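Chains as they are written, first to last, in the working numbering: chain A, 158 to 576; chain B, 156 to 560.
No wet-lab data here; the hints were simulated from the structure.
It is possible that some hints are incorrect.
Facing chain A, a subset of chain B residues (Cβ under 7 Å, in silico) [claimed, not checked]:
1. Pro165
2. Gly362
3. Gly521
4. Ala546
Quick caveat: nothing in here was measured; it's all calculated off a predicted structure.
Glycine included, every Cβ here is placed at the ideal spot set by N, Cα and C.
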Amino acid sequence: MSVRREDLYRFPWSRTDNPGGWVEVTDECDLSCPGCYRQRLEGHRELRRIKEDIAACQKLTNCDRMGIAGGEPLLHPDIVEVVGFIARRGMKPMLLTNGENLSLDLGQALKAAGLAKIHFHVDSGMPRPGWAGKTEGEMNALRQKYADLCWELGGIQCGFNITVFPRTLPEVPAVVEWARSNMSRVHHISFVAFRGIPLDGSYEFYAGERTVDARLLQHGAPDQEGIGLTSLDIFERVRQHFGEFVPCAYLAGTSIPESYKFLVCVQVGGRSGFYGFLGARAAEITQTAHHLWTGRYFDFLRRPEGGRRLFLLGAFDRELRRTIGGYLAGALRRPARLFHPVYVQSISFQQPNEILDGEVNMCDGCMNAMVFRGRLIPSCRLDEYRLFGEALHPVRIVPRPAVGTSGPVGEGGDRTWKY
Amino acid sequence: MEILNLYRMPWTMADNAMTWLEPTRKCNITCDACFARNDPGSEKSVERIGREIDALLGLRRCDAMLIAGGEPLTHPAILDIVAMVKKRRVKPVLITNGVGLTPERALELKRAGLFGFTFHVDSHQSRPGWTGKTEGELNELRQSLADMVDDAGRMICGFNMTVFPDTLAEVPVVVAWALGNARKVQSYTLAALRLIGPDFPFEFFAGGQPVSLETTAYYGSGTSLDLTAMDILSAVRKVIPDFEFCAFLGGTALPHSLKWALGSRILSGTEGFGQLGPKAMELIQAGHHFFKGRYMAFGSPRMNSRAKLLFLMGAFDPSLHRALRTFLRKAFRRPVLFWRHAYIQSICVVQPPDFLPSGERDNCDGCPNKTLWGERLVSACLLEEYAAFGAPITAVPKRSGETDG
């Protein structure tokens, strides 16, 4: 394995002390993306209930940012009020949108309400009018349009989510390349490995003692070929392309602690170049200090252009010292760089749930937990609760072929997954 | 008490303060509601235990490795096991009933590198010579074990007690005894009873098949799942009226359930000054992780005896600030307190897994007691299910079955 666990910081996030909360304002959407785990069952939700869920989620998770998702949240008529409500409660509102309905006017209204960040879901697997059949590299033109829009609005950070399929894996470096050329405008990129419920007959799914038809869920996968991509597969592809790519922190799985459910690299650069990465120590200091002073961990900081202040952490972080070296070497060649802002841009590699026999390997410290009927649940499993009343319990009925089994160490429990 | 105002320990699956090693499941006594089946043939070889230690440390960062069982002192190579853990720069701590412990054995274990003991002592054990005793009467046994560890020197000493409905009222007398032994006893863990019986209104499934829990160790003649951490807190407060928790772990299903709660007091002799607050615990955990790369499980006896240094954190922690003021007020009346050592003593209350009405289980989120099953980490209190059925059990309310969809 190319990533050394001991070199990374495990984010100290838990269910009750987490930087992220999540609320869904609607399950209506104007696109239908493969792998999306939300289907239309109830339409737009009442503003009153949305606010109740936001308040409950803030109380239960102690979150610093609240993700507003769906469905497509920009379709909700009260979206500006939802953003304002979150901001007034002292959290950073973050929209997760496909961007189709975002105009300059709406963006300004959202900014005035306190919007802190927009995460655009843009990838070549989406049935987006006018963009069908494009490669990920070609989709960068659309990403640029949204990044420019946020730049024009000012004060709103911009991030992108990209679902990665086996066929689009080779195109991932092109997106990272584009992001590096937009350090001032793009603050985050998430590469999310495609996942789906395996419907090849190898599992039965139970809600309580009842077997249920998992085909009722939207994100079923007819075979397991497409759902085996891992965060490390994506990371390795990026590393192969760039030669060096340094992760600093991660979240592991609830059942398989050696799986990387969320692997983060933080790039440091300016308008005219890339300087290097943040290391694990800097990640630890920033999370710890933020929690000590504000009582909360953070997902993102308000001012991504304040990267130069991070250089102070070079006293503790070897990777950051290398980055400072890169910055100073560049400044020697072009002294004007000393007066340019330094930006941070995070790249995360995510690996949603895996179905195991009897359990599901979820993100330990999931930052997208939401409130459903008073309970905190992972947002990616909401439809299981909505359709069946509870999270499904998978039972493998066809033996899994052993992959990379190195022989049991303990009393049983042969290892038959690839992570 | 507002649970969510406490510091949520930053312990997780992969980065935790502790992990759990079982060299054997053989035990020399029988305890009511033990979650491990007594298996005389389960002793593992030293080589296998070495591999397990490496596998555990490969899966999880930790400060301490709890060597448990079964009864670990029955393992003939226990000294080697302790030394193996110590060699890997992890604190070896024995979870033992103490039946096999002698002063000579304690010294040998210390020389092998043992960091300390946590003794499981309560009145629901079939302990030779101590059956039928009350918890108060068992304080004599606790005292002899604490004295033995103290005589061996430089090891920590803690106690575990499973709290049954019929012993809840005796918790205060045990806490009072612990308070009187602040120098010798660093921690006290009170775990609420969890027992499933035939009256439990759920059916169980593993791998889609119905299973019976009657063969597991945590099946008893009657169900007892009602005792909560808050019940135990109320009992503790009969002795320490101002006792507060400073940190906690929540549940996997109900994040605000108090599955594991910690309160730490500063004492000198029987004189209490106050306790750590959430900010102080945060500083300790964050500082330890920053400098050592691991969250802290146990402080050394030397560190525990320098509790006055913690007053420095009173600048950030209101609870410690109050403790400092109390200390100064008492010390100006009795100046000897300025020179006397002050000790830190922790009381930990544990509320093991609960079942929700739907059958969903509420485990400890950030469970410190994860152990190895195959190449996986599973909660030690659930290991029996994996061993027996190859998967965790699912509980389903007893009702007529229908197929959906």
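> Should the interface hint for Ala546(B) be scored as holding, given a Cβ-Cβ cut-off of 7 Å against chain A?
Replying inline: holds, 3 Å
> Going by Cβ atoms only, is Gly521(B) closer than 7 Å to chain A?
Replying inline: holds, 6 Å
>> Min Cβ distance, Pro165(B) to chain A: is it shorter than 7 Å?
In response: holds, 3 Å
> Taking the closest Cβ pair, is Gly362(B) under 7 Å from chain A?
Replying inline: holds, 5 Å
Checked against the numbered hints given earlier, the structure satisfies every one of them.
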